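Undergrad: The primary structure of each chain is shown beneath.
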Amino acid sequence: MGRPAVFLAATLFQWLIFLHLTGAALFVAGAVVAGAAQLGALGRERPSEIAALLRLARYGVLLVAVGSLTALGFGLGLVADLHDSYGDGWIAASLGLWLASQGLGGAGGRTARHARERAERLAAAGDEPDAELSALVAHRPSLVLSSLSTAALVAILALMIWKPGS
Amino acid sequence: VTAPFALTAPFTPAWLLFLHVAAAFLFFGGAVTVAVISFAAARARTVRETAVLARLANRVDLFVLWP
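First to last, the sequence lines map onto chains A and B. Counting along the first sequence from 1, when you hit position 152 you're at 152 in my numbering, and nothing is skipped either side. Counting along the second sequence from 1, when you hit position 63 you're at 63 in my numbering, and nothing is skipped either side.
Hints are supplied without guarantee of correctness; some may be wrong.
Pair by pair, the computed Cβ-Cβ distance ranges are [unchecked claim]:
1) B:ALA54 with A:ALA93: 36 to 44 Å
2) A:ALA93 with B:ARG45: 25 to 33 Å
3) A:SER85 with B:ALA42: 46 to 54 Å
4) B:ARG59 with A:ALA151: 19 to 27 Å
Stretch by stretch, here's where chain B covers chain A in the computed footprint (C-beta under 8 Å, at least three residues) [stated by the list, open to error]:
5) 128-142
6) 147-158
Derived from the structure by calculation, the hints contain no laboratory data. In this text the structure is predicted, and so the values were computed from the model without any measurement. Note that the Cβ used here is the ideal one computed from N, Cα and C, for glycine as well.
Work out the full structure: start from the sequences and follow the hints.
TA: Pasting the structure below:
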């Protein structure tokens, strides 16, 4: 009776860690897609090109949504499976950083969404360069917020590796 | 793995694991990005858009995937 129980417990842990890491990888992949789209649009002037690049960011947002929720859900499952406490410093900090990355990424991406909508309107109306569109694409505070969101992801990874205080 | 952060010892197992996982995530992210961009390029409305997206895919391949 003991051996199957141990085997099942190990399998559950392995499944949880596999799905947690898969979710985290999708989370990072979404951030890379969105980042590549935003950086690729920098310096472009033609609205149709900017629209084509910023449309990519929508796939990134979808990946971030699926990946972040998967990583969170199976991460919480791991905490329960390992009998850790949700109040442990590194776990609480990770959850806080997860929330921060979502908020910062959402705030940073809002300007990109406005830029894409404007670019699509301009592309349909002559496709001429527009100063306001260029300003939206190069909006520094939004780029800083997106960068901070990425930094929060790196910090979460560091907490997962070092587990300070555990 | 160890606590607290061993920031002064860059070749400890924890640092190596951190860099290994970060690089693996970045590699996977780059591969997914190239796939997404290629998918978008195939569905682009104009040749110019296809060229812009293909150029971005090349850059991600060069600067994210290969390193």
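Undergrad: All hints are to be evaluated individually against the structure, with a verdict given for each.
TA: Going down the list of hints, with the structure as the test:
The hinted range of 36 to 44 Å is satisfied by ALA54 of chain B and ALA93 of chain A, whose Cβ atoms lie roughly 41 Å apart. Taking 25 to 33 Å as the suggested C-beta distance range, the pair ALA93 of chain A and ARG45 of chain B does not conform, at roughly 45 Å. Evaluation of the 46 to 54 Å hint for SER85 of chain A and ALA42 of chain B yields a pass: the beta carbon distance comes to about 49 Å. A hinted range of 19 to 27 Å for the beta carbons of ARG59 of chain B and ALA151 of chain A is consistent with their spacing of about 22 Å.
Judged by the Cβ-Cβ criterion of 8 Å, the region 128-142 of chain A is not covered by chain B as claimed, because only 0 of its residues qualify and three are needed. Remark: the region 147-158 of chain A is confirmed as covered by chain B, as 3 of its residues place a Cβ nearer than 8 Å to a Cβ of that chain, reaching the required three.
In this structure, the earlier hints numbered 2 and 5 are contradicted, and the remaining ones agree with it.
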